[in-house]
Structure formats: structure tokens, C-alpha cells
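Chain by chain, the residues:
There are 2 protein chains.
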Amino acid sequence: MQFSSSLLENAVSEFAKLPGIGKKTALRLVLHLLKQDTGDVSNFSEVIARMRSEIKFCQRCYNVADADICSICANSMRKQEIICVVESIRDVIAIESTQQFNGTYHVLGGVISPLDGIGPDQLNIESLVNRIQKETTAELIFALNPTIQGDTTIYYIQKKLSPGSGGQLPQLRITTIARGIAFGGELEYADEMTLARSLQNRLPVESYVASK
Amino acid sequence: MQFSSSLLENAVSEFAKLPGIGKKTALRLVLHLLKQDTGDVSNFSEVIARMRSEIKFCQRCYNVADADICSICANSMRKQEIICVVESIRDVIAIESTQQFNGTYHVLGGVISPLDGIGPDQLNIESLVNRIQKETTAELIFALNPTIQGDTTIYYIQKKLSPGSGGQLPQLRITTIARGIAFGGELEYADEMTLARSLQNRLPVESYVASK
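So the sequences go chain by chain: B and L.
The opening position of the first sequence corresponds to residue 312 in our numbering, with each subsequent residue numbered one higher.
The opening position of the second sequence corresponds to residue 312 in our numbering, with each subsequent residue numbered one higher.
These aren't lab readings, by the way, just hints derived from the structure by calculation.
There may be inaccurate statements among the hints.
Identical copies go unnamed one by one, so any copy, or any two together, can satisfy a pair.
Below, computed lysine-lysine pairings styled on DSS-like, alpha-carbon distance capped at 30 Å [stated by the list, open to error]: (1) Lys390 / Lys445; (2) Lys445 / Lys470; (3) Lys328 / Lys470; (4) Lys471 / Lys334; (5) Lys471 / Lys328; (6) Lys334 / Lys346; (7) Lys390 / Lys328; (8) Lys346 / Lys335; (9) Lys335 / Lys471.
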């Protein structure tokens with residue numbers, strides 16, 4: 312693309328660095344901003360810069376926060392003894408949007424994936440184990456993506472917490488979110504693994520009806 | 312969506328104001344920026360803000376410019392006596408990318424569209440007529456989108472320049488870009504209007520071969 316203004320060209324190439332945004336989309340976005348008030352655009356740019364420079368990560372759960380401790384960890388109305396282990400901040404937002412979970416989180420920052428060079432030390436696992444040993448955690452819920460890496464991570468953390476390692480407290484319950492046929496999904500298109508698991512982990516009808 | 316950080320939430324809603332970007336995409340972009348260096352993100356935000364506050368519009372052709380006159384108008388290598396009339400800056404970029412045009416532009420800023428409340432006075436038409444009368448323009452090429460509004464605009468400007476209005480210089484040639492079957496297009500899927508026009512405006516084979 313040929314630009315007659317280097318200011319425009321620089322703005323387009325900055326936008327085009329964002330994931331999933333090509334040169335044409337970047338140009339569309341920049342030309343949109345060009346039509347807005349200068350104040351609105353400077354507000355846009357300020358909010359973005361402030362977000363990056365001022366955002367913090369919760370010292371307890373590694374979720375994004377405005378302070379040292381995030382609003383979920385600081386909320387005494389939530390069950391602090393229940394920890395939901397997730398891969399990323401995005402998963403926290405997804406679970407929060409269901410408004411069905413009233414515990415706390417622990418953001419691992421990824422899953423164990425030797426092929427990508429990610430071992431347990433690059434993740435917030437040590438801090439999770441320390442947190443469980445220090446706090447009176449009652450339940451650990453794994454909400455990781457159903458991949459081999461996710462399962463490996465669950466296995467690793469569970470081992471770390473097993474009585475043999477001297478870690479697990481007797482009262483700690485470890486669970487994982489249910490795998491099965493999604494609502495709106497069709498049986499015939501489900502993969503065999505999911506279908507098999509959903510048969511194995513079948514539920515009594517009364518509990519299914521009650522949860523709806 | 313539920314956010315545990317208002318900094319994050321504000322950044323997401325700023326991105327979601329952009330056209331074609333929903334809340335989920337906005338979140339993806341913000342989380343991407345969160346992973347970048349603070350310096351890179353502040354550079355991103357600075358480039359956007361500077362673009363909006365410092366960009367100028369060429370006083371001659373209304374294209375975007377870094378100075379009072381854009382780089383195309385200021386370029387003495389380009390044929391200043393040929394003016395290509397386009398709707399928007401985006402069209403200038405599209406034509407420049409072909410590297411086939413060596414004249415100048417005039418950006419109307421839209422087309423006449425009474426239904427949208429856009430009359431000739433809201434567009435850069437007066438300045439085009441003045442420009443043609445002042446400069447020794449040899450050719451005016453209309454490169455507007457083939458819509459009723461585009462055709463109306465061509466008709467209006469042409470009328471303004473016709474000898475009756477005392478406007479047109481005797482040597483001014485007025486043309487419009489060719490309508491026809493696009494390269495890669497298939498005859499059977501072309502609409503009747505385009506196919507009919509492409510038959511009417513058929514070209515001698517030698518000129519077709521020469522232009523390839």
C-alpha cells in the first residue's frame with residue numbers, strides 16, 4: 312500500500328501488528344479514528360497506554376488487578392477456600408460471565424507443554440502449592456482446556472499435592488469441570504472421546520433436571 | 312463480560328468502539344497488548360494520538376498529508392494537469408497501489424446522496440471547479456463507485472463544468488474509469504448491467520493485448 316502521509320502509514324502499521332488485523336483492516340480502523348474528534352482519539356490512546364503501564368497482577372491468584380490484590384480475592388463474600396485453576400485471564404472472564412462460580416481463581420499463565428519449552432517452572436504452580444499449604448483450601452477445581460497439555464498439567468499438580476510429596480491436606484478435594492456433549496451440540500457430530508466420557512460420567516436424571 | 316480490573320475493562324470498551332470489533336475481539340487485542348513491552352504499547356498509543364492530532368488535509372486535493380500540500384500534489388514528476396476525482400482517501404490508496412496512475416487526485420469526501428443528507432455543498436466540489444478553472448487541467452478522470460449516487464455526482468460535476476455554466480475550458484477532457492468484467496470474474500455470474508456495459512464498451516483486441 313502507498314500512503315501520502317507518513318503519520319497515516321505509521322498508525323496503520325502499528326494497528327497491523329495486532330493479532331488478526333491485516334493492513335486493510337488496519338487502514339479501515341485508522342480512517343475511522345481520523346473521522347473522530349481529536350479528544351476521543353487521545354482518550355483512546357491514553358486508556359490503552361495507562362492500561363499497560365498501570366495494570367497489576369494479583370499477588371495471590373495472578374489475575375489482572377488494579378491493586379496488589381484483585382477484586383475477587385479481596386471480596387469477602389466469595390468462598391476463599393475454593394480455588395479454580397485456569398490457564399489464562401481470559402478463562403477467568405469466561406467463568407465470571409456465567410455468574411455461577413463464587414470461589415477464587417489461580418491463573419497458571421499457561422499449561423505444561425515441553426514442545427513449546429514451557430515447563431512447570433514457567434507457570435504459577437509453585438505459588439499454587441504454597442497457597443494451598445498456607446490457606447485452608449477445601450476444594451481445587453481444574454478448569455483447563457481438554458488437551459494433552461491440560462491433562463498433563465492436572466496430573467503434575469495433583470502429584471505435587473499427593474500425600475507422598477507431603478503436600479496434600481487431608482480435607483482437600485480435587486475436581487475438574489465436566490467434559491461432555493455441549494448444550495446445542497448434536498450427538499452424531501460429537502467425537503468418540505467426548506461421547507465415551509459423557510457416557511462414563513453419566514448423571515442421575517434428577518440432578519440434571521435440578522441443574523437446569 | 313465481567314472484569315476484575317477497571318483498567319482492563321476501559322481498554323476493552325475503547326477497542327470495542329472501533330468498527331467491526333466486538334467485545335471478544337477487543338479483549339483479545341487488549342490481552343495481546345498486555346503481553347507486549349510497556350514501551351511498545353506506549354509507542355502504539357502515541358503514534359495513534361499523533362496521527363489524529365497532527366495529520367493535515369492537502370489544501371489542493373483534500374488527500375491526507377503531513378504538510379499543507381500532500382506529497383502527490385508537491386511532486387513535480389507527476390502530471391499536475393490530470394485530476395482523478397475519488398470519493399475517499401481509501402480510493403487514493405487503492406489507485407496508488409496499482410502504480411499505474413501518474414496524475415493528481417481530488418478527494419470529494421463522499422458522493423451526492425440526498426437520502427443521507429449529503430448535498431453538493433458538503434463535498435469538495437466547489438473547490439474542484441475552482442481548481443479546474445484556475446489550473447490548466449487537461450483531463451478529469453472520475454473514479455467513483457458505480458452506484459446511483461456516484462453517477463449523480465459525475466452528472467452534477469459535469470454539468471457544473473459544461474460551457475452553459477461558463478465553466479468548462481475547451482481543452483478539458485472528462486472521462487470515467489471503465490466498467491466491465493473484473494479479471495478473474497466469470498461471465499455467467501456477472502450481473503446484466505455490467506455485462507451489457509462491457510459489450511457496449513468493447514475494445515479492439517490489439518489494445519486489450521497491449522494493455523496486459
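Evaluation of the provided hints:
no.	hint	result
1	Lys390 / Lys445	within (16 Å within a copy, 77 Å between copies)
2	Lys445 / Lys470	within (18 Å within a copy, 84 Å between copies)
3	Lys328 / Lys470	neither (41 Å within a copy, 46 Å between copies)
4	Lys471 / Lys334	neither (47 Å within a copy, 38 Å between copies)
5	Lys471 / Lys328	neither (40 Å within a copy, 45 Å between copies)
6	Lys334 / Lys346	both (19 Å within a copy, 22 Å between copies)
7	Lys390 / Lys328	neither (41 Å within a copy, 35 Å between copies)
8	Lys346 / Lys335	both (17 Å within a copy, 24 Å between copies)
9	Lys335 / Lys471	neither (49 Å within a copy, 35 Å between copies)
Hint check: violations occur at hints 3, 4, 5, 7, 9; the rest are consistent with the structure.
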